Amino acid sequence: MILGYELWTEKYRPHTLDEMIDQDEIVTRLKSFVKAKNVPHCIFAGPPGTGKTTAALCLAHDLYGENYREYIMELNASDERGINVIRETVKTFARTKPIGEVSFKLLILDEADNMTDDAQQALRRTMERYSETARFILIANYSGKIIEPIQSRCAPFRFTYLPAEAVANRIKYICEREKVEITDDGIEAIIELAGGDLRKTLNILQTAASTGKPVTADLVYAVVGKANPAEIRDMMLTALNGDFIAARNKLRELTRKYGLAGTDIIRQLHGEVFRLNIPDNWKVKLADVIGEVDYRLVRGATEEIQLSALLAKLVEAGYEMKKSLR
Amino acid sequence: MSSKSPPVPWTLKYKPKSLSEVIGNEESKKKIIEWLRSWEKGVPEKKALFIYGPPGIGKTATVEALANDFNMEIIMTDASTYRTEETVRRLAGRASQLGSLFGKKKLIVFDEIDGITGTADTGGLSEIIRVIENTRIPVILIANDAWDPRFASLRNISLLVEFKRLSVTEVTKHLARICAKEGIIAEEKALKFIAERSSGDVRSAVLDLQALAQGKDRLTYDDVSWLAARDRKEEIFNVLRMIFYAKSATSAKMAVNMADVDIDMLLEWIYENIPYHIKNPPELAAAMDAISKADLYRGMLKETGDYTFLRYIIDWMTAGVAFSWSRKATGWVPFKFPERVKTASATKEEREMLEEIGRRIGKRCHLSSSRAIVEVLPYLTIILHNNPKMGKRIARWLNLTDEMIEFIMKRAG
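Heads up: the sequence lines are chains A and B, in that order.
Every letter in the first sequence is one number past the one before it in this note's numbering, and letter 182, counting from 1, is 182.
Every letter in the second sequence is one number past the one before it in this note's numbering, and letter 158, counting from 1, is 158.
Possibly wrong hints are sitting among the right ones.
In silico negatives: residues of chain B with every beta carbon more than 12 Å from chain A [to be verified]:
id	residue
1	T250
2	A287
3	W397
Computed footprint of chain B on chain A, listed as stretches where at least three residues anywhere in the stretch have a Cβ under 8 Å from a Cβ of chain B [stated by the list, open to error]:
id	region
4	36 to 45
5	183 to 190
In the DSS-like style, the derived pairs of lysine-lysine whose C-alpha atoms are separated by at most 27 Å in a straight line are [stated by the list, open to error]:
id	chain 1	residue 1	chain 2	residue 2
6	B	K279	A	K285
7	A	K213	B	K410
8	B	K247	A	K322
9	A	K250	B	K173
10	B	K192	B	K247
11	B	K104	A	K250
In short, the hints are calculated from the structure, not lab data.
None of the values given here were measured: they were computed from a predicted structure.
Glycine is no exception: its CB is placed at the ideal position from the N, C-alpha and C atoms.
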């Protein structure tokens, strides 16, 4: 029986830079900031679950010590409605200098790429005005969505997906601590589903472990909403066979019933395209469409509509192939 | 879903074959049978029957079912053939004299006579009167409004039978019968809701039912409760028709301005219905590409707040879709309600509850409310189901209330 009462993503979140796994280059640079007791404005960019927020919190811990919470403020650009709220909060927060060796406070602004350009312009002015007493760490999935004037004032850090080996080691470490039995194919299944996203990895692991059974690949797929690659393949084949409406219904099932995110579907689709039994020129064409869909989602388009357009392209591919066989 | 079978309007598929299958208006039906029986004893005093009542309540269906029961052949004309007295004479004139010498007994039906132009003294209407005067076989007239002054002479020589709007109970029963035949398990509350909106028009109720339920296993109240008013839906259907079958790029674009339809919503309607109208794969891909471009510009509008993108949204969702295909209608195709909107239309309270749950999880897990809902909540939900004890402990650690926990469990079903 697992005696868990909290989410493992929090329980096993590193507290110091030394505890961070992978992202070595980033950790080294951050440690040098700690040593100098000076931190520039920073942008932490990269996909979800790669340690951006953790790195910011660890940096704060190492910089200020155990009571670091008093010196930092965490804001989320998606939650704090409007730049005015952020500006007012920052004003109050940065009005006083902290006591101690470090002369500034740290402001961590998560999901900064969700701010409109106008809001970012206002943020830039705020950053400049209070840079004596407050340093900003902007966290974003895509640094490209941060406006140029802010980018040029910040030290950039690019976080990347964790390599499979590092993820596997982390899974094994936690299973040992939590006394969870896990098979090799169970580990592989989790990595397949989560990619290099550590938050997702731990969420899947904990969810599977919560059944109290040994964590096998079958259990992982069964428990985590059947987000099984086979179903994605099935959806693609349905489209290739020309039944668009059925394929779209499958897509709806994957996203709604099983809660699969569009980005997950795209990643798996991309992997599948090159395994499909279709002419190579169509593989390239479809990969192009997949890339276009990914790009459009970044621009705020709707997952289902974009993915449906991709399915329609698959229908066309199937049709053209049949025609050329005749 | 059974997307393969050719779409047949359920109003046709479930047209009554016998009078016993026609719902409602029992008294009127009895009166018609009596009148028809009286012909067996020779030509009665009133040689014409005048059935009137609002649209969609089964006037024509009754006559057709009756002819079936009495094994009669209907010689039917409707508004489109009434243009001139010449056509009326040709169609009905000779038949009225033929009697029953050969083959089946015959029955002359003038449907939709509201559509006849001119006065009682001229054109088609005067020819109908002449037919009635000379006929040896039964004549039935059908109209919405018998009290139109133009019909004064017709009223004098006909037996008037009124058809009334059907009651909610009658319409609901009919819908339930269709659901049973289609293998759809429907909540009575859902059917009653459709029946109520139809205001006694069973035809529109059946069309609504088909749009909402075809291809489904079950129909719940939630599936239908969001329905917009019927006339509003008609409005959307017309706009969709104008877009899908546009004659020119300009007319496709104009469709958007024709009616007061929310652009966002219209985009969803078009997106939902493309594959039902556009089947040829290259055309389908092109049309989906067009609507996905409209969606891209919609995303950019939302991201930037810049309304100049609106014109590209409209271009792609109207002219873009229309000119991605040949625009040749292939039979009758029903318009379907957008699935995406249906499932997204949670109530305001539910949305607020969800948002608060997201906020609380986010606070613990360093995430925004929306990302907490997408990235953490699904897993918490599964844990709550697999291992309620552990799930509840985690939920409390996340500062979720018992009410919130219950909400999460219920939401997952």
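Tested hints:
1. T250: B/T250 is indeed farther than 12 Å from all Cβ atoms of chain A, at 25 Å.
2. A287: Check fails; 8 Å does not lie beyond 12 Å.
3. W397: Label violated. Min Cβ-Cβ 5 Å, cutoff 12 Å.
4. 36 to 45: violated (count 0)
5. 183 to 190: Our answer is that it is violated, as 0 residues pass the Cβ test (under 8 Å) against chain B, missing three.
6. B/K279 - A/K285: Holds, at about 21 Å.
7. A/K213 - B/K410: Holds: A/K213 and B/K410 sit about 25 Å apart, inside 27 Å.
8. B/K247 - A/K322: Answer violated: B/K247 to A/K322 is near 32 Å, above 27 Å.
9. A/K250 - B/K173: violated, 33 Å
10. B/K192 - B/K247: Judged against 27 Å, a Cα distance of about 39 Å means the pair is violated.
11. B/K104 - A/K250: violated, 53 Å
In the structure shown, a violation is registered for the earlier hints numbered 2, 3, 4, 5, 8, 9, 10 and 11, in ascending order.
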